[in-house]
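**Student:** Protein chains in written order, with this note's numbering: chain D, 1 to 363; chain X, 1 to 492.
Hints in this document: simulated from the structure, not taken from any laboratory.
Even glycine gets a Cβ: it sits at the ideal position worked out from N, Cα and C.
Honestly, I wouldn't trust all of these hints.
Pairwise CB distance ranges (calculated) [what the hints assert, rightly or not]: (1) X:ASN198 to D:TRP339: 55 to 63 Å; (2) X:LEU294 to D:THR211: 32 to 40 Å; (3) X:ILE416 to D:HIS263: 53 to 61 Å; (4) X:LEU294 to D:ILE317: 58 to 66 Å.
Chain by chain, the residues:
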Amino acid sequence: MELLKKPMRARELIAMIFMLIGIKGGDTTPSLFADEAQNALWIAPIVSFVVILPPFITLMYLLKKYQTRNLAELLHHLLGTKLGTIIGIFLFVGAFISMAADMRNIVEEINYLYFPNSPTIIIYLIFIVICLFVANKGLESIGSLAWAVLPVIVLTIISVMFVDFQATVWQRIFPILGGGASIVIRDGFSLSSVFLEFFLLTIAYQAFHDTKQFRIGMYTGSILSVLLIVLFYMIYTMVFDYNTVDNIAYLYQESTEIVPLGHFFTNISTFFMVGWLLSNFLRFTIFLYIICWLYGALFQIKRFEGLLMPISFLAMILSMIPPNFITNEMIVRKTSFHWISPIYLCFPFLLLAASLWRERRKL
Amino acid sequence: MFPWQKQKTAAVQKRKERKISRNLKSNVAYIEEQFSYGINFDFVSQEIVSPASRYHLFFYSTTIDTQQLSDHIISPLLEAKKDIPISRILTVPSLASIESMNGAEKGLTAGSVIIFKEGSPEAFEANIQDFKHRSIEKADNERTVKGPKDSLTESLTTNISMIRKKMPSKDLIAESIEVGVRPADPVTLVYVRDLVNNDVLENIKKRIQSITVDNIRNVEVLEQFLEERPRSLFPTMLYTERPDNAANYVSEGFIAIMMDNSSSCLIAPITIWGFFHSPEDIYLRWAFGNFSRLIRAVAYLITLFVSATYVAITNYHVQLVPIDLLLAVASSRERVPLPITYEVLLMELAFELIREAGVRIPSPLGPTIGIVGALILGQAAVEANIVSPIVVILVALSGLSSFTAANYSINHTLRISRFIFILAASLMGALSLLGAIIIWLAYAVSLNSFGVPYFSPATPHTKSSDDTYFRKLLKNIKWRPVFLKPKDVDKK
Chain D
1 MELLKKPMRA RELIAMIFML IGIKGGDTTP SLFADEAQNA LWIAPIVSFV
51 VILPPFITLM YLLKKYQTRN LAELLHHLLG TKLGTIIGIF LFVGAFISMA
101 ADMRNIVEEI NYLYFPNSPT IIIYLIFIVI CLFVANKGLE SIGSLAWAVL
151 PVIVLTIISV MFVDFQATVW QRIFPILGGG ASIVIRDGFS LSSVFLEFFL
201 LTIAYQAFHD TKQFRIGMYT GSILSVLLIV LFYMIYTMVF DYNTVDNIAY
251 LYQESTEIVP LGHFFTNIST FFMVGWLLSN FLRFTIFLYI ICWLYGALFQ
301 IKRFEGLLMP ISFLAMILSM IPPNFITNEM IVRKTSFHWI SPIYLCFPFL
351 LLAASLWRER RKL
Chain X
1 MFPWQKQKTA AVQKRKERKI SRNLKSNVAY IEEQFSYGIN FDFVSQEIVS
51 PASRYHLFFY STTIDTQQLS DHIISPLLEA KKDIPISRIL TVPSLASIES
101 MNGAEKGLTA GSVIIFKEGS PEAFEANIQD FKHRSIEKAD NERTVKGPKD
151 SLTESLTTNI SMIRKKMPSK DLIAESIEVG VRPADPVTLV YVRDLVNNDV
201 LENIKKRIQS ITVDNIRNVE VLEQFLEERP RSLFPTMLYT ERPDNAANYV
251 SEGFIAIMMD NSSSCLIAPI TIWGFFHSPE DIYLRWAFGN FSRLIRAVAY
301 LITLFVSATY VAITNYHVQL VPIDLLLAVA SSRERVPLPI TYEVLLMELA
351 FELIREAGVR IPSPLGPTIG IVGALILGQA AVEANIVSPI VVILVALSGL
401 SSFTAANYSI NHTLRISRFI FILAASLMGA LSLLGAIIIW LAYAVSLNSF
451 GVPYFSPATP HTKSSDDTYF RKLLKNIKWR PVFLKPKDVD KK
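Looking at chain X on its own, in the form it has when it is part of the complex (with noise of 0.2 Å):
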């Protein structure tokens, strides 16, 4: 350890072991010292003297409820007629005592009221925060037709409530534990007990306290910090904002983490097969959420390899083409200067061009974008030549296709892979191409989301409830995973 880092930490912990004194004066000194009383507009000091006692109350006013506050707290003291200690006297529900400074300042940070008493050695902490946040809203991102429509919001406490809501169980367990020193955040692992595997929990926060970082904010920031491969094009946990989908897996044995200021949560260990999943597959009856399934699974085909086809095909395997269709492509072309390459990654690039602009344009400039998109760069530059018809409608329909991924972590991945099958494609054909998927799939199938096998339960296989491409009868699913080695295998 370096000099200046001994004396920091030293300072620190110096400051950690203060104990409150009795003297009233110095704990109100101290204290208004460091939240920089006056300073801070909202950080309040109130003295309150009753026919027994005094009393000091510290507290920011934008993070608690008044009403309560005044109810609850102040009314009380001040009516306090005689000498008894103060968790007889006040009527909040949740009352702490804290012996030391530090847990003092714990408190008030987190939203509390702390109340010292003249010649006591002991504070107490009250417990009536209540932080703004955004009510329950549909779920925006996730849309399902058939299935519970709430989403997750900012607020741990509600999320936490719309979980237990949703499992009904001694055995859910929310647990806390602490990232970050600038200040510590408190990240919550949800969980059934008799059902999550031990090696992957300690995995998991094993590596959330080996995070060594002034402070993390929320889930979307701890998931890069969690990921084993932070570069890889696969995202390994799950992002959603689904209070269901989350209490579904959790009640699978996997581990979801949650933060406040998240109006999502993360999915532990996950495979790829749950990026290709929506809920929404369990709500329909078999054969309509399979049917789903099956157009999904077009889609992500059509999105990653149709441009790179038409790319191979056109460049190098023009004998596959029957004699009509390659005539029809031919003229459509006929007057299109650039080489089929250029043109398709030039068409791909404006695509992304007109998605990146829709997600940050600001909603009474939206209708702009259509405008934009279908008439200059669709119309517009098949008419000046620039591209050709066909082109448009591949892109198109890729980029049609892109928006059917169930999860929005996979669709960048999609996306990106994409380009990279173009580009191989224009170097050899279907040679270069395949060769690039194969890699792409070896690679895919190499990785692992905290011990267990990205493709599993295809591959490596295991019993489990056979949810890969196609789904079961639910009746007829009777395992839980068994590539997360629950506790407990028999789903009956």
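Next comes chain D alone, as it looks inside the complex (with noise of 0.2 Å):
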């Protein structure tokens, strides 16, 4: 017996939000921007998000002209179900390289600073199996666990922030266009598919209570996820500066660990561990979920919970691939995101395209 028909809202929504982008904040993100953008790497964020704006607005307004259930149906309904299919394609492969990059990314993190002795691969089947339970719950239990477990990350990062703060330099913050305008212009365009989620969320359109908490749910919680981001590539700019910011890999932990807490506390960084990893933990599963549902939505497949298990161990699998972190962070995730953000950032655009056509045709 179910009470409450629906019961999620804009606060969980907002919550997922946070654990799936403004986390991107304390993951290995920021040394892909910093790599050409040096110590401009938190404007490259403020322009990937202008950038994503209006193809995302547009996928929006489409939802709610057409008052689909999700993404895939806007798809299958503007463009027929076998371009919309492709489409679908294109997007949810999209998000699986960039998935299973990212995983990789966080587990070699967990193995690299916190468990050097054990084996990669031991590290990544815990980490899936955790995802897997979590996610094998559902998009409600989800979701409020995403609103319980929002306290401590954050009061992990109002802590993070106050500990950083002590080792900031704000000069360090000029040049404030890095290594030139033009560079952070075009590295912000050819990684605008960090956001890339946004897109993947509208999935669950008619998930929450209606789409109005949807629609104050997406927009508060970007806007937040990104102040958060642009928050802490400054406090990384201005604890590292220019020529060590593009050199540090995990950026997030080596700023906590250069700053003690007092006399007693000489190295903290295992606390910041805590929120870190529930986020982490928090944010795989709802991707996970995501693009099982996009996947299940695509070829309409009711009980898409079944495809948790073979997504997550085939985006292990691939991702174990690349030889080491290096070649994973620089080279795979990097050109694919390359390769991904054109698509992500035109296909709203088609999609409106195809909306006025059909208009057209009807009159």
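Join these two chains into a complex; the hints should help.
**Tutor:** Structure below.
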């Protein structure tokens, strides 16, 4: 028996977006931006966000206009089953590769920083199994869980910022444009698919109490997440300065490692691992669930929970192919972003064109 | 249906349909046979001959009030000069006419007196039952310093009377439905008519009626039959012995389930916050109540995580510990041969043993527990280098904290979960510990109790009194818990 139908509201969505995207402030994404933009690494995500905003708003507008259940239905509705499915597969593959590469990064990070003697595959397996268990509980439980864990995460973020602020030198933010305006803008453009999760989340358009709650949650969550990312990247710049910042892989952990808290707690970075790890479990749980949902919706698989296991293990096996972390981050992830970004930037406009064409034909 | 079952049900059906005959002798013979008169020492079959007519009384001498029997039944019957109906002779307050033998049998087993009259096809049931039960005592398991002290007792009528005294309203309903067959036991649902959600009420009724078991004697057993997930670590009904607590819940739109022979009642549906709150939180002033909640929240966290965190940190994340503390820990367990995980598990197990023994031990032997626990398991184990002192401190801390649990049901959840976390922490340090925590939490969040999500009103959010971690000022509480979908939401 269920007393409340579709009980999830904006707050659960905000928590989920925070876990899914805001947490990119603490993974290896900043080093990806810093590679070229140098100490303008905090401007690049703003550029990316501005770049994805028009296609994203277009997509939200179309979803509202056609009142379809979700992204996959919108694709099918506007582009026809065949073309819609093909575009959907592109989106899925892009998201899948991005998830696999991200997951490998996180696991390598855990391995390298906290369990240097353990084999990667064991940590990977534990990580995947935990995500699978949680993902199996369904979207409502994941949303509630994200909201329930949020206080821990927020506390961690605030304390990290507090700790890091002690080591910042604000002059290090100059030169503001880092490697140069053109480089920053190009970087922001080509890496704009770091925010591809925004597009994916529209698969849950009708899963919330009503679509208004979804829109509120989506906009608030994305603005908060981008703010968090920008703030974090700014702190990294101010802590490390331009020559170091593009040579450090794990900026989040490094930044907490160099700051002692009083005379007693001299090594506090593991404290901040708690919130970081919890949020990463949730991040990949949500990511996994959403891409399985997309796949299920594309091919009319009703009980797509059965896909969680095969898709996650496939992602694990594929992501183990790059020989090491550096290759994975700097070649696989970066190249894949360069390829994925145009797909995600263009498909909403393709949908808009289809919608306009349909309307014209009707008249 | 199998043939032998058919025969059995047919026989039961036939017996149920038997009418009371006009012939007193045949009625008496039937009842005496059914109730094994002569073998049952307390079953009384008494004939009364008055100037006007002949009567026959049946009753269990152990379940009725003998004073009332002689004053209000036997003497009026003996003094009756004319042949007038029984209902006009007897002076008992509760008298009912019955026409079938089945009704007579039910009345007898419920502790009434059954009166047959010569030549009359109806009998009378005089309800003067006096079942013996404990008097109302202080609440033992859910103590409060401030607030009412009485607790429920093993008599349903007494319990209901306590609730009615707290909520004098015509809308307070105590509805009785039957469960089981050998014999059928009444289950009483207490709710407020114009608040309760009908879906929830019907759901509970349906579940009670669909229980197929020979008997259920008390709510403790009923609870396990009603729960959606009987194997789950988390209770989905609140078990309370305080009538004031029950009345508070009922007046919010919850349903209390009561049975005779239980000195407690069940509250359904319930959220996880209900297990975390004590009735005293409301009786205490705002700041004091919230302070006590804060302490309790810290205690829950300590109980669940302190041992597991120690295992994880000392085994896998030594770099986290400040160097002075690390040296202190290392030197304290310099001569301890056991690995840390075993050491912690050993002490946790020892503590559980003390606790279990403390519950079962006869009270004259009680002080022994203290000596055994404190001296042998604590001091001697440390001196013998079996465990390090720091582990004794941690286990004592987590054990002590687990006693702050406001409800006994959640106490078990905390204790068992603690072992899960210790084992998880020993597997892969913080990674597996946090993984176990998040799976545990995901499970808890996914639960629901009679359709109400387990973590509401926090998530999914609904309007409510916002009584989760902390409570508001009482005058600022505007809404009843909307996650129950009560008929009336506004509290003012």
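**Student:** Would you mind marking each hint as holding or not holding in the structure?
**Tutor:** Results of checking the hints against the structure:
no.: 1; hint: X:ASN198 to D:TRP339: 55 to 63 Å; in the structure: 57 Å, holds
no.: 2; hint: X:LEU294 to D:THR211: 32 to 40 Å; in the structure: 39 Å, holds
no.: 3; hint: X:ILE416 to D:HIS263: 53 to 61 Å; in the structure: 40 Å, violated
no.: 4; hint: X:LEU294 to D:ILE317: 58 to 66 Å; in the structure: 48 Å, violated
Of the hints listed earlier, those the structure fails to meet are numbers 3, 4, in rising order.
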